[in-house]
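Protein chains: 2
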Amino acid sequence: YAGTYGAPPPAANDPMWGYFTAIAGQDGEVDAEELQKCLTQSGVTGTYAPFNLDTCRIMIGMLDRDFTGKMGFNEFKELFAALNGWKQNFMMFDQDRSGSVEPHEMNQAISAMGYRISPQTLNTIIKRYNKGGRIFFDDYVACCIKLRALTDSFRRRDTMHQGTVSFQYDDFILCTMAI
Amino acid sequence: YAGTYGAPPPAANDPMWGYFTAIAGQDGEVDAEELQKCLTQSGVTGTYAPFNLDTCRIMIGMLDRDFTGKMGFNEFKELFAALNGWKQNFMMFDQDRSGSVEPHEMNQAISAMGYRISPQTLNTIIKRYNKGGRIFFDDYVACCIKLRALTDSFRRRDTMHQGTVSFQYDDFILCTMAI
Ligand SMILES: [Ca+2]
Ligand SMILES: [Ca+2]
Ligand SMILES: [Ca+2]
Chain A
1 YAGTYGAPPP AANDPMWGYF TAIAGQDGEV DAEELQKCLT QSGVTGTYAP FNLDTCRIMI
61 GMLDRDFTGK MGFNEFKELF AALNGWKQNF MMFDQDRSGS VEPHEMNQAI SAMGYRISPQ
121 TLNTIIKRYN KGGRIFFDDY VACCIKLRAL TDSFRRRDTM HQGTVSFQYD DFILCTMAI
Chain B
1 YAGTYGAPPP AANDPMWGYF TAIAGQDGEV DAEELQKCLT QSGVTGTYAP FNLDTCRIMI
61 GMLDRDFTGK MGFNEFKELF AALNGWKQNF MMFDQDRSGS VEPHEMNQAI SAMGYRISPQ
121 TLNTIIKRYN KGGRIFFDDY VACCIKLRAL TDSFRRRDTM HQGTVSFQYD DFILCTMAI
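As you go down the protein sequences, you meet chains A and B in turn.
Just so you know, we're using my numbering here: the first sequence kicks off at 1 and counts up by one.
Just so you know, we're using my numbering here: the second sequence kicks off at 1 and counts up by one.
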C-alpha cells in the first residue's frame, strides 16, 4: 500500500477536473445557471443565443440522483458524455446541415427513435420547440429528454402493455411537472 | 355612418399600439424571443437575468388561438393583462417581500389556488422551478400556468370526478409536451 499516501485524489488527474472546478465555483457543484453559462460559451448550439436554461434544468434533473439540483464532478462528466451523444444524434437528423432540425427532419427523428405519435401530437411538439420553423440543439435536447421521460413514466405504469394508463391526479402532476 | 370613412383603425388610438409595433418588428407579430427581450427590458422579474424564454413560449401558447406561435396586438394586450394578474398574485405570496417566492411561500400559494398536491409532488415542483432556493417571477408564472393547464387537461377527462383518468399514450404525450 506504499505510495497511496499523499497521492492526489483521482479527480485531480482527470483532464476535466480543472474545467469543472472553474465552472462549479466556491460550492464545488454545478447548478443550472452555471451549466447554462458553460454551454453558452462552449458554442455547442452553433448560435450566439444563450443555451436554454430549462434544458439545463432538465439535464441536471435527469442525472441528479441525490436531488440537490446541482452536479458534482461525476455527474458533470456523465452529462458531457450524454450531450455528446445528443449532438451526434442531432447532426444525424440535420440532414441538410442547416444547423437546425426542421419539421420534416424532426418527424423522421421521432419516428426513428421508435415513438408512435400522431401527426397532430407531432405538430404540437414541433410548434412548442421551434424558433422560426427551426429546432435548435438546446431545444432539441429538451424535447428529446422530455419525450423519453414521459414515455418511460407511461410505460412503467402500463404494465399490461395496453397503451392506456390510469393516472391519479397527484401522480399525473408529479410525472409531468418534474420535467 | 358618416365619419367612419377615413377613421384610423382602432389600434392606432390605443396607447399600447406604438409599444407593440416596436416589439413586433416587420412581421407585425410578437414571437417568443421578441417577448423575452421586451419582458427582460421591462424589469418585471426584478432581476437582471433574462426573462425565461420557456415562460414566454408557454404564455404565447396559452393565448395563441390561431396556432402561429406569434401574437397579434389583441393577444399581446391580453398577455400583458394576464402578466399583471400574475405579478399581483406573486407579490401576494411573497410575504417577506424578498422579491422571490420561497418554498414555504410556494406551498401556501399552491394550496391557496386550490390544488391538492402531496408534499412529495410539491417538493418536486419546487425543486424544478427554484434558483438557489428561491422561485423568481418568470419561473413562478411558468409553474402556475403549467400546473393550471395540466390540471385543466386532467379535469376535462375526469368526467366522473373520480380523481383518476385513463390516458391513451398519444393523448398523454399531447397534453404534456404542449406546455
Ligand atoms: Ca456552484
Ligand atoms: Ca436541418
Ligand atoms: Ca419571499
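A hint or two may mislead.
One copy or two, either will do: identical chains are not told apart, so a pair holds if it fits within one copy or between any two.
Computed list of lysine-lysine pairs in PhoX-like fashion (alpha-carbon distance at most 20 Å, straight line) [claimed, not checked]:
1) 127 / 77
2) 87 / 77
3) 70 / 87
4) 70 / 37
5) 131 / 77
6) 131 / 70
7) 70 / 127
8) 37 / 87
9) 37 / 77
10) 131 / 87
FYI, nobody ran anything at the bench for these hints, they're computed from the structure.
Item to check | Numbers of the earlier hints that this structure fails to satisfy, in rising order | outcome: 1, 3, 5
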